[in-house]
Amino acid sequence: MIQSNTITKELDVFAIRKQFPALNRQVKGQPLVYFDNAATTQKPQVVIDALVDYYTNYNANVHRGIHTLAEEATAAFEASRDAAQRFINASSREEIIFTRGTTEGINLVAYSWGRKNINAGDEIIITEMEHHSNIVPWQMLCEEKGAVLKVIPQQDGELLLDEYKKLLSSKTKLVSVVHVSNALGTVNPVSAIIQLAHQAGALVMVDGAQSTVHLDIDVQAMDCDFFAFSSHKVYGPTGIGVLYGKKHLLEAMPPFQGGGEMIKEVTLEKTTFNDLPYKFEAGTPNIGDAVVLKAALDFVTRIGKEKVRNHEIELLAYATEQLVQLPGVRIIGTAATKVSVVSFVIDKIHPQDIGILLDNRGIAVRTGHHCAQPLMHCFGIPGTIRASFAMYNTKEEVDQLIVGLQKAIKMLL
Amino acid sequence: MSDHKTIQETENEIVEEFSLFDSWDDKYEYIIDLGKKLPVLEDKHKLDENKVRGCQSTVWLVADSENGKVYFKADSDAVIVKGLISMLIRVLSGHTPDEIIQASLGFIQKIGMTTHLAQTRSNGLLAMVKQMKNFALAYKIKNSMQHGERSTETKSN
Numbered sequence: 001m002i003q004s005n006t007i008t009k010e011l012d013v014f015a016i017r018k019q020f021p022a023l024n025r026q027v028k029g030q031p032l033v034y035f036d037n038a039a040t041t042q043k044p045q046v047v048i049d050a051l052v053d054y055y056t057n058y059n060a061n062v063h064r065g066i067h068t069l070a071e072e073a074t075a076a077f078e079a080s081r082d083a084a085q086r087f088i089n090a091s092s093r094e095e096i097i098f099t100r101g102t103t104e105g106i107n108l109v110a111y112s113w114g115r116k117n118i119n120a121g122d123e124i125i126i127t128e129m130e131h132h133s134n135i136v137p138w139q140m141l142c143e144e145k146g147a148v149l150k151v152i153p154q155q156d157g158e159l160l161l162d163e164y165k166k167l168l169s170s171k172t173k174l175v176s177v178v179h180v181s182n183a184l185g186t187v188n189p190v191s192a193i194i195q196l197a198h199q200a201g202a203l204v205m206v207d208g209a210q211s212t213v214h215l216d217i218d219v220q221a222m223d224c225d226f227f228a229f230s231s232h233k234v235y236g237p238t239g240i241g242v243l244y245g246k247k248h249l250l251e252a253m254p255p256f257q258g259g260g261e262m263i264k265e266v267t268l269e270k271t272t273f274n275d276l277p278y279k280f281e282a283g284t285p286n287i288g289d290a291v292v293l294k295a296a297l298d299f300v301t302r303i304g305k306e307k308v309r310n311h312e313i314e315l316l317a318y319a320t321e322q323l324v325q326l327p328g329v330r331i332i333g334t335a336a337t338k339v340s341v342v343s344f345v346i347d348k349i350h351p352q353d354i355g356i357l358l359d360n361r362g363i364a365v366r367t368g369h370h371c372a373q374p375l376m377h378c379f380g381i382p383g384t385i386r387a388s389f390a391m392y393n394t395k396e397e398v399d400q401l402i403v404g405l406q407k408a409i410k411m412l413l
Numbered sequence: 001m002s003d004h005k006t007i008q009e010t011e012n013e014i015v016e017e018f019s020l021f022d023s024w025d026d027k028y029e030y031i032i033d034l035g036k037k038l039p040v041l042e043d044k045h046k047l048d049e050n051k052v053r054g055c056q057s058t059v060w061l062v063a064d065s066e067n068g069k070v071y072f073k074a075d076s077d078a079v080i081v082k083g084l085i086s087m088l089i090r091v092l093s094g095h096t097p098d099e100i101i102q103a104s105l106g107f108i109q110k111i112g113m114t115t116h117l118a119q120t121r122s123n124g125l126l127a128m129v130k131q132m133k134n135f136a137l138a139y140k141i142k143n144s145m146q147h148g149e150r151s152t153e154t155k156s157n
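Sequence lines, in order, name chains A and B.
To convert, note that position 101 of the first sequence is 101 in full-length UniProt numbering; the numbers rise steadily by one, no gaps.
To convert, note that position 39 of the second sequence is 39 in full-length UniProt numbering; the numbers rise steadily by one, no gaps.
Everything labelled a hint here was simulated from the structure, so no lab data went into it.
Here the structure is a predicted model, which is why all the values come from computation and not from measurement.
Watch out, some of these pointers could steer you wrong.
In silico DSS-like cross-links for lysine-lysine, where the CA-CA straight-line distance does not exceed 30 Å [stated by the list, open to error]:
1. K36/B x K410/A
2. K348/A x K44/B
3. K73/B x K140/B
4. K247/A x K305/A
5. K37/B x K407/A
6. K37/B x K28/A
7. K51/B x K348/A
8. K36/B x K28/A
9. K140/B x K348/A
10. K110/B x K407/A
11. K407/A x K27/B
12. K348/A x K27/B
13. K27/B x K28/A
14. K28/A x K110/B
15. K36/B x K407/A
16. K51/B x K410/A
17. K410/A x K46/B
18. K110/B x K410/A
19. K36/B x K348/A
20. K37/B x K410/A
21. K410/A x K27/B
22. K73/B x K410/A
23. K130/B x K28/A
24. K348/A x K37/B
25. K73/B x K165/A
Using the sequences plus the hints, can you model the full thing?
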């Protein structure tokens with residue numbers, strides 16, 4: 001009895017690995033160790049099958065056709081929207097806009113909400129640990145409107161909330177913050193950030209690119225105004241993502257792009273726009289990948305986020321413990337609450353050299369600035385080596401990473 | 001200096017050397033060793049304008065011309081990249097602009113470096129080659145201007 005109890009509580013990693021065909025391949029003559037999950041996760045067979053099934057059996061354009069295939073495609077497309085709504089606990093399906101990914105979600109808000117609501121002298125707050133995707137759209141908006149971009153500083157990978165409080169004022173119109181840092185793994189206290197912003201009368205956009213796969217997302221409890229995530233970091237296909245926005249905000253926003261699908265009626269003089277969410281989905285959407293997103297989200301839910309999280313955190317602790325014992329290794333970002341991302345540098349060794357030598361042993365890590373150059377600048381480093389763990393990674397793989405690093409260090413020094 | 005060897009001869013020499021290695025570890029050991037041995041570039045050359053764009057690591061590359069031949073010096077903060085530059089310098093340095101521009105550099109593929117270091121932004125190998133050829137082209141134009149080729153002068157006016 002005790003045994004079966006343990007099995008239900010713990011993740012059966014062996015069974016999970018069997019569902020990811022890419023993990024069977026060899027790289028440079030060795031079994032692949034894939035530790036670049038924060039960049040994109042591998043795909044389970046159910047996701048691959050769902051994509052093949054869509055193109056094999058019911059590929060059609062959505063919403064317009066009267067024929068059977070169009071009806072099936074539309075039903076699957078909309079079922080995926082419902083799945084996304086459940087996954088982040090949005091209050092209505094109209095609040096779920098399909099995008100190409102997190103970057104497009106942020107750009108949509110910056111373009112549509114931003115250009116309508118931001119004026120000269122207004123202030124937008126971001127943080128020092130943003131991905132370039134959550135910096136550049138706001139820089140562009142501020143430049144265009146004469147608004148001011150303010151930045152919450154961080155220390156050792158944690159945001160300084162006292163500094164944030166000082167930045168907030170009646171001029172603050174929007175706070176856009178990364179939920180989980182892609183470069184460091186820090187889980188930011190978004191609920192507190194949102195509460196403070198709302199007290200100051202500002203809206204909050206949360207970049208959920210890294211958090212959605214690891215944490216339980218409840219946009220209503222979080223009370224964020226906008227939330228964006230990408231399917232491909234949640235075991236789903238690339239090229240599809242979700243933007244959540246509170247309904248009354250989305251309704252008041254002008255369309256992002258013009259074209260088919262987003263219209264109600266077009267005469268050559270005037271167009272009336274369609275209702276949510278279609279107002280923001282101009283043109284034929286990425287139907288195939290949108291449909292398959294449901295398969296990915298259902299897969300994650302079926303396995304259970306909490307179980308996965310426990311497993312990943314155990315790997316993170318194990319890897320961190322092993323890494324700090326290596327000569328010259330320094331962990332970058334030591335926040336108290338992290339997801340399974342460990343970023344580090346090694347004395348006198350360039351991250352790229354490590355990346356090349358690890359790849360030579362079939363180990364995939366990410367090296368470089370992780371599209372977070374301002375953050376790297378804060379730490380005074382050009383980049384880091386980043387290992388990020390997913391549900392299918394094992395302690396044995398971490399051991400291989402450590403051996404690979406020991407050999408690389410020996411070769412390079 | 002490899003003054004009396006052609007670019008192709010030096011390329012063949014490198015391919016031969018690499019054929020002696022059994023494993024990728026050995027190849028990398030060798031490249032790392034080359035990187036460590038590459039003479040340090042003086043700080044006065046480590047300027048933003050001498051950086052090669054498109055590399056994950058920082059690569060500085062400078063060129064000089066003497067008696068119609070082009071000489072390269074380079075450095076990087078990453079040692080494997082430095083080893084790769086060292087090979088490119090060995091092959092290309094001390095040759096005429098035309099020889100450098102026309103060099104096929106097939107050795108890079110033959111020693112497995114294009115498949116092994118994928119052609120992504122992080123590699124930088126292709127960016128370095130392009131930069132070296134650009135230098136050669138610049139010296140070719142400069143030399144022809146100095147030799148007073150009227151046609152070039154007329155065109156530029």
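Each hint tested on the structure:
1. K36/B x K410/A: Status holds; Cα separation ~14 Å.
2. K348/A x K44/B: holds, 22 Å
3. K73/B x K140/B: holds, 18 Å
4. K247/A x K305/A: holds, 27 Å
5. K37/B x K407/A: Within the cut-off at roughly 20 Å; holds.
6. K37/B x K28/A: holds, 27 Å
7. K51/B x K348/A: Given pair K51/B, K348/A holds - Cα atoms ~20 Å apart, limit 30 Å.
8. K36/B x K28/A: holds, 25 Å
9. K140/B x K348/A: violated, 39 Å
10. K110/B x K407/A: holds, 26 Å
11. K407/A x K27/B: Between K407/A and K27/B the Cα gap is close to 14 Å, so the pair holds against 30 Å.
12. K348/A x K27/B: Distance ~21 Å between K348/A and K27/B Cα, so the pair holds.
13. K27/B x K28/A: This hinted pair holds, its Cα atoms lying about 14 Å apart.
14. K28/A x K110/B: holds, 17 Å
15. K36/B x K407/A: holds, 17 Å
16. K51/B x K410/A: Holds, at about 28 Å.
17. K410/A x K46/B: holds, 28 Å
18. K110/B x K410/A: holds, 27 Å
19. K36/B x K348/A: At roughly 12 Å apart (the allowed maximum being 30 Å), K348/A and K36/B satisfy the hint.
20. K37/B x K410/A: holds, 17 Å
21. K410/A x K27/B: Since the Cα atoms of K410/A and K27/B sit roughly 15 Å apart, the hinted pair holds (cutoff 30 Å).
22. K73/B x K410/A: Between K73/B and K410/A the Cα gap is close to 27 Å, so the pair holds against 30 Å.
23. K130/B x K28/A: The given pair, whose Cα atoms are some 28 Å apart, holds under the 30 Å limit.
24. K348/A x K37/B: Distance of about 16 Å is within 30 Å: holds.
25. K73/B x K165/A: violated, 51 Å
Comparing the model with each earlier hint shows violations of hints 9 and 25; every other hint is respected.
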